[in-house]
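Assemble the complex: chain F is given as a structure, and chain C must be docked to it using the hints.
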Amino acid sequence: MDLTPLAAGLAIGLGALGPGIGLGLGVSKAMEALGRNPEASGALFVPYVLGLALTEAVAIYALVIGLLILFT
Amino acid sequence: MPEEAAEHGESLVHVAIKAETLFHLGPIAVTNSMIGTLIATVVLATLAWWASRNNAVVPSRVQSLLEFPLEFLGGIVRAQHATRWRAVLPPVLTIFLLVLVANYVGLLPGVGTIGLHVVEDGHEAVAPIIRPASADLNFTLALALIAFVLFVSWGIRANGLRGYLKETFIANPPYMTPLMTPIHIVSELSRIISLSMRLFGNVFAGEILLAVMLALTFAVVPAIFLGLEMIFGAVQALVFALLTLTYITLATAGHGGGHDEAHESTEHDADDATLRPASAH
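Taken in order, these protein sequences are the chains called F and C.
Residues 129 to 200, numbered by this note's numbering, are exactly what the first sequence covers, in order.
Residues 1170 to 1450, numbered by this note's numbering, are exactly what the second sequence covers, in order.
There's no promise every hint is true.
Unchecked claim - Pair ranges (Cβ atoms, derived): (1) C:1346 x F:166: 26 to 32 Å; (2) C:1192 x F:175: 44 to 50 Å; (3) C:1334 x F:138: 39 to 45 Å; (4) F:149 x C:1222: 50 to 56 Å.
Since the hints were derived computationally from the structure, they do not count as laboratory data.
We put the beta carbon where it would ideally sit given N, CA and C, even for glycine.
Chain F with its partners taken away, still in its complex shape (with noise of 0.2 Å):
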């Protein structure tokens, strides 16, 4: 029985679990942030998708080692 596919499945699947973790709490703080302190949002887009985009990488590097599993 080939067993690829469920590698890449697991690979990415396992592999967003923990970034998915991470960006809700990521996106949550913020959000906590701006709501106690509005004016905040200027000072916090930056931050904000650097921590968001350092975060999703995780699970883009997931994604590519399951692409390779499935493709190469």
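Okay, now just chain C, sitting in the frame of chain F:
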């Protein structure tokens, strides 16, 4: 086993991780992602030419659209580099605009779908004439290497060669050096990998997502994802530029080092601010 998987994948969508070679120009193999990069460059050059010909004090609609990224990124860069922003802005803005246009070229109709028949490894395959530049690891890796050279050279510029080497290779309590230096070197080099992989992964995954949605569903649904990809394209371009800016800021900050060294570097910075704009490229 992998061949089976590839065939299995190709039954739904055509997925090629590496860019296909279209033709050879002497010793150089011209790939379809190079065509995509060329188109992005031509678009940017045309816009720049147009903007420089038709600039007015009261901006027209197109001019304000073109000035928007300049003002937006200029504000961010200026907030972090009060003295050197004129020298730091051009490379960051260039990276942002090139990645943005390259991402958007990938969303045009016909890109990735109109193809040539090429013979690859003995069997015939269809190679798209234009491949979005950022969906090729070569493009993103080249940009990441440029960013790496940029922030290392800025670090050397700001702290001097000795200061930079001291900061990179000697940890703050000196007895920690054997432990910290390898970690530091790996973290510096991993920036190249993470910068290139993030952009490549996002755009490439977006291409596959669009292809899968087009194969699975009907007219309206892929359009929603096309809109999503437009947001992602802008966000990823912004992220690449902002991370380059952050790395430059970290490299020029010079947190370690002695008191007089810090003094020296501020003088150096003032020199830079006056010297660079004239020789900016």
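Hint-by-hint comparison with the structure:
1. C:1346 x F:166: 26 to 32 Å: 46 Å, violated
2. C:1192 x F:175: 44 to 50 Å: Since residue 1192 of chain C and residue 175 of chain F have Cβ atoms about 46 Å apart, the given range 44 to 50 Å holds.
3. C:1334 x F:138: 39 to 45 Å: 43 Å, holds
4. F:149 x C:1222: 50 to 56 Å: For residue 149 of chain F and residue 1222 of chain C the Cβ distance comes to about 51 Å; the hint holds.
Comparing the model with each earlier hint shows a violation of hint 1 alone; every other hint is respected.
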